[in-house]
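A.B. asks: For reference, the chains in residue letters:
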Amino acid sequence: MPGAPLLEARKLNVEFATREGVVRAVSEVDLDLALGEALAIVGESGSGKSQMLLSMLGLTAGNARVTGSARFKGEELLGASEARLNQIRGSGIGFVFQDPMTSLNPYLSIGSQLTEPLRIHKGADRAAAAVQAIEMLKAVHITEPERRMRQYPHQLSGGMRQRVAIAMALICRPEILIADEPTTALDVTVQAQVLSLLREIRERFGTAVVLVTHDLGVIAELADRVNVMYAGKIVERGSVEDIFYHCRHPYTEALQRSVPQLTELRPVRLAAIAGYPPNPMRLPPGCSFSPRCPYRLDICDQSVPPLESVSPNHAKACFYEGPLGITVEMSA
Amino acid sequence: MTELIVMNQPIIVTEPILSVRDLRVHFEVPGEGWFGARKVLRAVDGVSFDLARSETLGIVGESGCGKSTLARAILGLVRVTSGEVCFAGRDLARLAPEQLREQRCHLQIIFQDPLASLDPRMNVGQIVAEPLRSFFPRMTSQERQSKAVEMMGHVGLLPEHINRYPHEFSGGQAQRIGIARALILRPEVVICDEPVSALDVSIKAQIVNLLVDLQAEFGVSLLFIAHDLASVRHVSHRVMVLYLGKMMELAPWDEIYRAPQHPYTQALIQAIPPADPRRARANPAKPLGGELPSPIAPPSGCVFRTRCPYAVERCAQEEPLLRRVGENLVACHLAEQVSKPVGNA
Numbered sequence: 001m002p003g004a005p006l007l008e009a010r011k012l013n014v015e016f017a018t019r020e021g022v023v024r025a026v027s028e029v030d031l032d033l034a035l036g037e038a039l040a041i042v043g044e045s046g047s048g049k050s051q052m053l054l055s056m057l058g059l060t061a062g063n064a065r066v067t068g069s070a071r072f073k074g075e076e077l078l079g080a081s082e083a084r085l086n087q088i089r090g091s092g093i094g095f096v097f098q099d100p101m102t103s104l105n106p107y108l109s110i111g112s113q114l115t116e117p118l119r120i121h122k123g124a125d126r127a128a129a130a131v132q133a134i135e136m137l138k139a140v141h142i143t144e145p146e147r148r149m150r151q152y153p154h155q156l157s158g159g160m161r162q163r164v165a166i167a168m169a170l171i172c173r174p175e176i177l178i179a180d181e182p183t184t185a186l187d188v189t190v191q192a193q194v195l196s197l198l199r200e201i202r203e204r205f206g207t208a209v210v211l212v213t214h215d216l217g218v219i220a221e222l223a224d225r226v227n228v229m230y231a232g233k234i235v236e237r238g239s240v241e242d243i244f245y246h247c248r249h250p251y252t253e254a255l256q257r258s259v260p261q262l263t264e265l266r267p268v269r270l271a272a273i274a275g276y277p278p279n280p281m282r283l284p285p286g287c288s289f290s291p292r293c294p295y296r297l298d299i300c301d302q303s304v305p306p307l308e309s310v311s312p313n314h315a316k317a318c319f320y321e322g323p324l325g326i327t328v329e330m331s332a
Numbered sequence: 001m002t003e004l005i006v007m008n009q010p011i012i013v014t015e016p017i018l019s020v021r022d023l024r025v026h027f028e029v030p031g032e033g034w035f036g037a038r039k040v041l042r043a044v045d046g047v048s049f050d051l052a053r054s055e056t057l058g059i060v061g062e063s064g065c066g067k068s069t070l071a072r073a074i075l076g077l078v079r080v081t082s083g084e085v086c087f088a089g090r091d092l093a094r095l096a097p098e099q100l101r102e103q104r105c106h107l108q109i110i111f112q113d114p115l116a117s118l119d120p121r122m123n124v125g126q127i128v129a130e131p132l133r134s135f136f137p138r139m140t141s142q143e144r145q146s147k148a149v150e151m152m153g154h155v156g157l158l159p160e161h162i163n164r165y166p167h168e169f170s171g172g173q174a175q176r177i178g179i180a181r182a183l184i185l186r187p188e189v190v191i192c193d194e195p196v197s198a199l200d201v202s203i204k205a206q207i208v209n210l211l212v213d214l215q216a217e218f219g220v221s222l223l224f225i226a227h228d229l230a231s232v233r234h235v236s237h238r239v240m241v242l243y244l245g246k247m248m249e250l251a252p253w254d255e256i257y258r259a260p261q262h263p264y265t266q267a268l269i270q271a272i273p274p275a276d277p278r279r280a281r282a283n284p285a286k287p288l289g290g291e292l293p294s295p296i297a298p299p300s301g302c303v304f305r306t307r308c309p310y311a312v313e314r315c316a317q318e319e320p321l322l323r324r325v326g327e328n329l330v331a332c333h334l335a336e337q338v339s340k341p342v343g344n345a
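Chains A and B, in that order, give the protein sequences.
Take 1 as the starting number for the first sequence in my numbering and just add one per residue.
Take 1 as the starting number for the second sequence in my numbering and just add one per residue.
The following block holds chain A by itself, in its conformation from the complex:
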């Protein structure tokens, strides 16, 4: 199917029934991922970015209610059998999490964890699986792969564990790699290793990558397109150039301004975003960002702005049409 997205979500909603009430974690989200593309999802904790991806693969908690549609190569995932989802997870879609120890089993050697998916999904025998596993460890730049196969996760450094977790996610050559904050727990020099590894993997295997992060530097380096999420909704979406150089949503602008950058000058004050993210149980009636927004209009408190195109492939959910551009005073 030429042109058909690899992964596609339509009107995806995720709600959690809790004792205090219903929490709307994700509401009415549309998502498209093309073959070989790197899509970044940026947002703060609680913005729904992880839940959106987990819900598509049937990985949400028991009290979740997921509605809408999520398709992998045209096949509906919501309501698919557990057996089918198990086939897709691992062989079609690989997952890497923030903490590599959530995906690595401390009791099993690296070798047995790496070969397990091959033996389950691809029916490989022990010897053939071991050859491929060593090959994959080399691809993620693990030194002495034969010896590492016999080691256990606690014997590796944090950066090596994350590279092993990436090797494990990629071992069945999935078409999509979902990386949920893959570098947040790592030191910057180790983060740079993982970033260059992700770049290499895209070139070598053509894997599409969904990168969930709040680090704008990571996005600037790796992503083709960006979705910005706030309070469970996509508030802006566009190419990485659109988002960084021509952003149209006040939240996207505020995020960029509030992060200190390493440049010759530094701002006198950081342009902080006032207030706090809303409680997902008591979202404001209009735009969720309006209580913190410097460009707020009257209409923003009354109705929810729809996600509308501002140019081909660039959309924003905001009533304000004027130019953005809060100036930040810099000092040398």
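Hint data in this document are derived by calculation from the structure and do not stem from the laboratory.
Sample of chain B residues facing chain A (criterion: CB under 10 Å; computed from the structure):
1) E62
2) D200
3) R278
Per the computed footprint, the stretches of chain A lying under chain B, defined by three or more beta-carbons under 8 Å from a beta-carbon of chain B, are:
4) 186-194
5) 232-244
6) 253-265
Since we're looking at a predicted model, the values are computed, not measured.
Note that CB positions come from ideal geometry on N, CA and C, so glycine has one too.
With chain A's structure known, arrange chain B on it following the hints.
C.D. replies: Below, chain B without anything else, positioned relative to chain A:
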């Protein structure tokens, strides 16, 4: 007060509030097997600096570099192996516990995890006023309450928050409570140990701005410890770079980016991807090769040499001393050869 002398050139900080001299914190760790000889882990190994009044000194380094141990050693929360921590003319490392306790009202700390550092069974008023209760036992509870409310105002909390409990607050607000508690005694020095690392992106900037404002208001000196060079550089007057318990470089905030002298500082800067796609793609983040050596068996000579692209024979034999190059203090034999403007521009 001993002067900080580096290659015969004193580094002038007039009337420092805090002077740390050749501070070492070594831990004994068990050897291999039952009868293996005990080994020594050098968490902090020869750190010296002066902190001026109303100055912010940033301390940056990756996990395991000893930055948190350094903070704890200054406060007397871990035993100092050798060296001095001079505060107001007294060496805190040699004070008896009771005398050290008296000094603590001048030195306070803000922790990384705001919720974990607040007692869940105390309300905000009790938490913020707790230092007053321990240092001024004769103060009446009304006085304590009114001082607590006043300090809560300074950090952006509302008076009606006083009877609420920590779990009712978000991370950013909880960090404000921790800051109010640290400042209520009007300390001279506050150590901020990763104060914004656990906070959300949109909240970090609020707390960073708050710390800068409070410093201007109270004239407090800050030691701002973090792993994120960009945040550290934003708030600091000077920045110290630590690696494996040792000082690699100490430089004014602008020089640390414009003219980093140490290969490790350069590697740190080059590893940070700029939030600008064109620059990031033209100049992708450069990983630092190799793995962090064990602090139990650090490399001979320069501890960074095993990962340094410029290392030569001499680096393995002779430990580089801190010396002055331009505006910076740097511990590298080759600083003159390797220093060139880096950065991602």
